[in-house]
Structures are given as C-alpha cells and as structure tokens.
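A.B. asks: Listed below are the residues making up each chain.
Protein chains: 2
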Amino acid sequence: LRRGKPTCHKAFDEATALLVGDALQSLAFDMLANDPALTIESERRLRMVGVLAHAVGSCGMAGGQAIDIESVGQRLSPERLEDMHRRKTGELIHASVILGALAAETSDEAVLSALDQYGEAIGLAFQVVDDILDVTADTETLGKPQGSDQAQNKPTYPSILGLGAARTKAKELYQTALASLAPLGDNGKTLGEIADFIVHRNQ
Amino acid sequence: LRRGKPTCHKAFDEATALLVGDALQSLAFDMLANDPALTIESERRLRMVGVLAHAVGSCGMAGGQAIDIESVGQRLSPERLEDMHRRKTGELIHASVILGALAAETSDEAVLSALDQYGEAIGLAFQVVDDILDVTADTETLGKPQGSDQAQNKPTYPSILGLGAARTKAKELYQTALASLAPLGDNGKTLGEIADFIVHRNQ
Chain A
1 LRRGKPTCHK
11 AFDEATALLV
21 GDALQSLAFD
31 MLANDPALTI
41 ESERRLRMVG
51 VLAHAVGSCG
61 MAGGQAIDIE
71 SVGQRLSPER
81 LEDMHRRKTG
91 ELIHASVILG
101 ALAAETSDEA
111 VLSALDQYGE
121 AIGLAFQVVD
131 DILDVTADTE
141 TLGKPQGSDQ
151 AQNKPTYPSI
161 LGLGAARTKA
171 KELYQTALAS
181 LAPLGDNGKT
191 LGEIADFIVH
201 RNQ
Chain B
1 LRRGKPTCHK
11 AFDEATALLV
21 GDALQSLAFD
31 MLANDPALTI
41 ESERRLRMVG
51 VLAHAVGSCG
61 MAGGQAIDIE
71 SVGQRLSPER
81 LEDMHRRKTG
91 ELIHASVILG
101 ALAAETSDEA
111 VLSALDQYGE
121 AIGLAFQVVD
131 DILDVTADTE
141 TLGKPQGSDQ
151 AQNKPTYPSI
161 LGLGAARTKA
171 KELYQTALAS
181 LAPLGDNGKT
191 LGEIADFIVH
201 RNQ
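Listed in order, the protein sequences are those of chains A and B.
Going by this note's numbering, the residue at position 56 of the first sequence is 56; the numbering climbs one at a time, nothing skipped.
Going by this note's numbering, the residue at position 26 of the second sequence is 26; the numbering climbs one at a time, nothing skipped.
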C-alpha cells in the first residue's frame with residue numbers, strides 16, 4: 001500500500017513497475033534536454049541534468065537502495081544509517097529543491113547554497129520521520145503497512161538510536177532547514193511550510 | 001549465460017543487477033553533464049543527453065522491453081515485431097552511433113543524417129541476427145542458452161517470418177547500412193566493418 005492504494009508492483013507486476021520507473025526517469029532527462037517549453041539556456045539545463053543524474057545514481061537513490069538491501073538484518077552504525085538515508089531519499093528531495101531554483105534561473109550562489117543546506121536537511125528529515133511513523137502511526141493513517149520496516153528487519157532511526165533520539169534528530173534537522181532559509185527572507189516562507197509539513201506530518 | 005559467463009542477476013541477484021543497471025545509466029547522464037574531460041560545448045552535450053534519454057525511455061529500451069513482456073505467447077504482426085526490436089535494441093545501438101558523431105563534434109548534418117540511417121539499420125539488424133542465432137547456433141558458440149526465445153515462447157523474426165525471410169531481412173538491412181555510409185567515403189570504412197560483423201557473426 002502507498003497512500004492507501006496498492007503499489008504499482010502489486011496493481012500490475014514487478015517487471016511493469018520497474019519499466020515504468022525506468023521510462024519516467026528517462027522522460028525527466030528527455031524533458032531537460034528536449035522540452036521546447038523549457039526556455040532555460042543550455043549550460044543551466046546541463047547543470048540540471050547533472051544534479052538529477054547525481055541524485056538517482058550510485059551516490060543517490062540507486063546506491064542508497066543497494067545499502068538498504070545489504071543492511072537487512074544488520075546493525076548499522078548511525079553514520080552508515082545516515083549515509084543510506086541521505087542517498088536513498090535525501091538526495092532526490094535535495095535535487096528537487098535545487099532543480100526548482102535552477103529552473104527559476106536563480107544565479108545568486110548565496111541563495112543556491114542556502115537551498116543546498118535546506119534541501120539536505122529536509123531530505124534527511126523526511127526519512128527520519130518516515131522511520132518514526134513506521135513505528136508510531138497506524139496503517140490506516142499511514143496509507144502504507146505500519147511496522148513494515150520492523151517486519152523486514154530493516155535498520156531505522158528508532159531501531160538504531162531509539163525513538164526519543166530519532167525525534168530529537170528530526171527536530172534538529174527541522175531547525176537546520178529553517179535556519180538555512182534565513183538569507184531568503186520572505187521568499188523562503190513556502191519552503192519553511194514544506195519543512196514544517198515534512199517534519200510534523202502524521203502520514 | 002552471456003558471452004559464456006553467468007549473467008549479473010545469476011552471479012549476484014536480481015535486485016543487485018537492476019540497481020547496477022540504474023547506477024550505470026545514471027553515470028552516463030552524469031558524465032555527459034559533469035565530466036571535465038568532455039570539452040564539448042553545452043548545447044551539443046545537451047543534445048547528446050536527449051539522444052540517450054530517448055534511446056532508453058518509453059520510445060526505446062524500456063518501451064521495447066514492455067512490449068517484449070506483453071508479447072510472450074502472442075502472435076505479433078511483422079510491423080509490431082519490428083517496432084519492438086527497434087525500441088528494445090535498435091534505438092540504443094543507433095544512439096551509440098549518433099553519440100559518437102556528436103562527441104567527435106561533427107556538425108555536418110548530411111553526415112549525421114547518413115549515420116542516422118546507418119544506426120537504424122544496424123540496430124535492427126543486430127536483433128534480427130540475434131533471433132536467427134537463437135535458432136541456428138549451439139549454446140557453446142552462442143555464449144548464451146540456445147533456443148531460449150523459443151523456450152520462453154517469444155515472438156521472433158524466424159517464428160513470425162520464417163528462417164529464410166528473416167535471413168533476407170538481415171541481408172537487406174546490411175545493404176541499407178552500407179548504402180547509408182556512401183556519403184562518408186573512406187571515413188565510413190570501420191563502420192562498414194562493424195555492420196559486417198553484426199550481420200555475419202555466429203555468436
């Protein structure tokens with residue numbers, strides 16, 4: 001279940017779900033390269049391709065997922081757990097923030113650096129909160145099976161640090177995210193609300 | 001088996017093989033965007049990203065593989081079979097030819113158009129010959145299990161057109177590939193040899 005509905009690999013089958021993922025990811029690169037509605041200059045579009053490629057490759061999603069598979073039943077150090085979460089989920093959320101800024105033709109490197117820190121913080125916070133909700137929320141609220149990490153014997157923030165320390169970690173990342181937005185002034189308001197949603201959601 | 005060795009998903013496992021594929025594909029986009037050794041101008045690099053993205057997405061490899069899965073046990077029309085093969089294998093071989101030309105900073109559109117036709121022809125020819133070898137070669141020569149298409153009840157050129165017509169098709173594509181190279185003169189010699197290898201290989 002995801003958002004209360006069967007996942008793609010259950011509704012169809014695993015091979016189809018994987019191919020749809022491959023096709024959609026290629027479409028993202030295709031649009032960055034070819035979409036005539038994208039009037040951004042080539043050099044910036046190429047930078048966007050680089051950000052996306054980094055976020056989905058071995059330093060990002062694919063690498064994080066590989067650590068995830070390898071970690072089932074293992075006791076990870078907090079550093080290794082953070083590395084896994086940063087890659088598996090954090091990098092793609094981080095990339096979404098940076099790609100938005102690049103698409104808006106931001107060229108103020110101070111703003112990009114602020115968004116870089118903000119993206120890193122909310123990316124990791126998302127996964128810490130996900131780990132916490134897997135323990136504390138019920139399946140109906142969560143929209144996906146509760147306790148599935150535990151059932152699969154996966155290392156998580158609550159299982160490695162304890163629930164209290166995991167909550168403290170989420171709070172710290174939230175504070176970091178908000179502090180990073182300071183240079184943006186009022187322009188950072190919506191991003192602050194997104195951080196708030198990520199950390200305080202109950203599903 | 002591939003080239004006489006166990007495939008990645010047998011030597012390791014399916015999840016690992018899939019993630020390695022994802023990571024390597026991302027690395028290709030990453031290198032096009034970020035590799036400092038690539039001194040090609042941004043606009044051309046972005047065009048290369050577009051060629052690669054098209055070749056691996058729904059109009060290429062991922063889409064072809066989806067048709068392949070859906071076609072097991074079906075009787076395809078020759079047109080649908082050709083569409084499947086073009087996407088699944090042809091587009092990526094075609095892209096390799098075009099990417100080479102773009103990387104060499106070819107800006108002669110007549111040359112690019114010649115290579116476009118050549119790439120299309122050898123890309124499809126590769127798969128037609130693959131289908132033929134699956135029927136005619138033994139496993140040891142082939143380096144992968146002989147008769148695996150038939151065993152999996154997959155539509156192929158020999159099963160749809162018959163072996164004789166499949167061989168004629170391969171020969172025609174070979175002739176088309178060679179004819180396409182005419183505008184390149186002596187510069188097309190190695191590409192002619194590659195076409196020769198693709199069509200006359202026995203493994």
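Think of the hints as simulated: they come from the structure by calculation, not from any bench.
A few of these clues could be false.
Each pair may be met inside one copy or between any two copies, as identical chains are not told apart.
Said to hold, decoys possible - Only pairs whose alpha carbons sit at most 30 Å apart, straight line, appear in this in silico DSSO-like list of lysine-lysine:
{"hint": "1", "residue 1": "K10", "residue 2": "K171"}
{"hint": "2", "residue 1": "K154", "residue 2": "K171"}
{"hint": "3", "residue 1": "K154", "residue 2": "K189"}
{"hint": "4", "residue 1": "K10", "residue 2": "K169"}
{"hint": "5", "residue 1": "K10", "residue 2": "K189"}
{"hint": "6", "residue 1": "K171", "residue 2": "K189"}
{"hint": "7", "residue 1": "K171", "residue 2": "K88"}
A.B. asks: Okay, which hints does this one fail, numbers in order?
C.D. replies: When the structure is compared with the hints, numbers 1, 3, 4, 5 turn out to be violated.
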